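Protein chains: 2
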Amino acid sequence: MTDENNTPPVLGAGETIETTRAFLPRFGADGLIPAIVTDATSGEVLMFAHMNEEALRKTLDTSVAHFWSRSRGKLWMKGEESGNRLRVREIRTDCDQDVIWLTVDIEGEGVACHTGARSCFYRRITIAPGASASASLENVAPPQRSRSG
Amino acid sequence: MTDENNTPPVLGAGETIETTRAFLPRFGADGLIPAIVTDATSGEVLMFAHMNEEALRKTLDTSVAHFWSRSRGKLWMKGEESGNRLRVREIRTDCDQDVIWLTVDIEGEGVACHTGARSCFYRRITIAPGASASASLENVAPPQRSRSG
Chain A
0 MTDENNTPPV LGAGETIETT RAFLPRFGAD GLIPAIVTDA TSGEVLMFAH
50 MNEEALRKTL DTSVAHFWSR SRGKLWMKGE ESGNRLRVRE IRTDCDQDVI
100 WLTVDIEGEG VACHTGARSC FYRRITIAPG ASASASLENV APPQRSRSG
Chain B
0 MTDENNTPPV LGAGETIETT RAFLPRFGAD GLIPAIVTDA TSGEVLMFAH
50 MNEEALRKTL DTSVAHFWSR SRGKLWMKGE ESGNRLRVRE IRTDCDQDVI
100 WLTVDIEGEG VACHTGARSC FYRRITIAPG ASASASLENV APPQRSRSG
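Going line by line, the protein sequences match chains A and B.
Note that numbering that gives the first Met the number 0 has the first sequence beginning at 0, numbered continuously upward.
Note that numbering that gives the first Met the number 0 has the second sequence beginning at 0, numbered continuously upward.
Simulated from the structure, these hints should not be mistaken for laboratory data.
As the structure is a prediction and not an experimental result, all values here were calculated from the model.
Please note that the accuracy of each hint is not assured.
Stated by the list, open to error - Where chain B lies over chain A, by a calculated footprint (3+ residues, C-beta under 8 Å):
| # | segment |
| --- | --- |
| 1 | 12-25 |
| 2 | 42-53 |
| 3 | 56-62 |
| 4 | 66-77 |
| 5 | 83-94 |
| 6 | 108-120 |
Positions of the beta carbon are idealized from the N, C-alpha and C atoms, including for glycine.
Input sequences plus hints: build the corresponding full structure.
Shown next as structure tokens:
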């Protein structure tokens with residue numbers, strides 16, 4: 000994250016947003032960039048959230064995942080209360096630099112979801128091909144008792 | 000995806016959106032739901048896109064990933080031109096059913112990104128902790144020549 004965020008991206012000759020080595024994150028009109036979080040050990044997707052510029056900067060500076068809570072309208076250090084912080088091992092961005100992918104280790108009880116499940120994605124969609132009207136959900140891993148936040 | 004999408008979600012007694020077995024995808028105000036795509040073999044995040052109701056229904060019905068192209072304003076079967084279709088192995092949703100996670104096998108040349116890279120996330124962010132102003136990008140896997148779409 001550089002000062003270039005507030006000015007037109009500075010790309011070298013022949014460079015595009017897809018090829019540049021400059022990190023020029025593209026926040027949406029709402030000032031947010033989507034962030035995918037996966038587990039460094041299992042590889043599973045743990046959660047999906049949004050970052051504003053401050054959350055991204057704090058994540059880069061501390062190696063602990065920070066987000067922007069759209070529901071609460073405030074900066075949010077994941078696990079601040081529960082202790083289930085997300086320790087960042089690697090951060091990537093995508094071709095057009097409008098998505099962030101964090102690979103993390105979960106601290107504390109190893110719980111990333113507010114329901115107490117390790118991952119927010121604890122239900123798979125079951126369906127017979129061609130029969131989307133009959134789609135339903137099946138638990139992959141049952142939510143646990145304790146609550147994260 | 001059921002008729003309940005157009006009416007208030009039908010939850011059983013004591014059920015919440017987090018515990019129900021009913022698939023009640025929550026599309027945003029723009030009619031879209033974010034979709035994370037990971038590789039069934041490597042586990043890496045391949046791409047991130049959006050689905051409208053029709054794209055989700057077609058994905059469920061055909062087991063081939065469909066999205067809504069925000070830039071082109073139309074339904075988009077990934078790989079329709081390039082042959083790099085995304086064959087869906089599993090679909091999950093998250094706790095509050097406003098995100099979709101697809102686990103896929105890439106057909107054709109095994110390329111998911113329009114740059115020709117296998118994954119859109121071919122660059123990691125390199126940074127010294129506490130020095131976010133100096134963040135830059137490093138290629139994880141160099142983009143290939145061929146183009147997907």
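Now for the hints, and whether the structure bears them out:
no. : hint    : result
1   : 12-25   : holds (count 6)
2   : 42-53   : holds (count 5)
3   : 56-62   : holds (count 5)
4   : 66-77   : violated (count 0)
5   : 83-94   : holds (count 6)
6   : 108-120 : holds (count 6)
Going through the hint list in order, the structure does not satisfy hint 4, though it satisfies all others.
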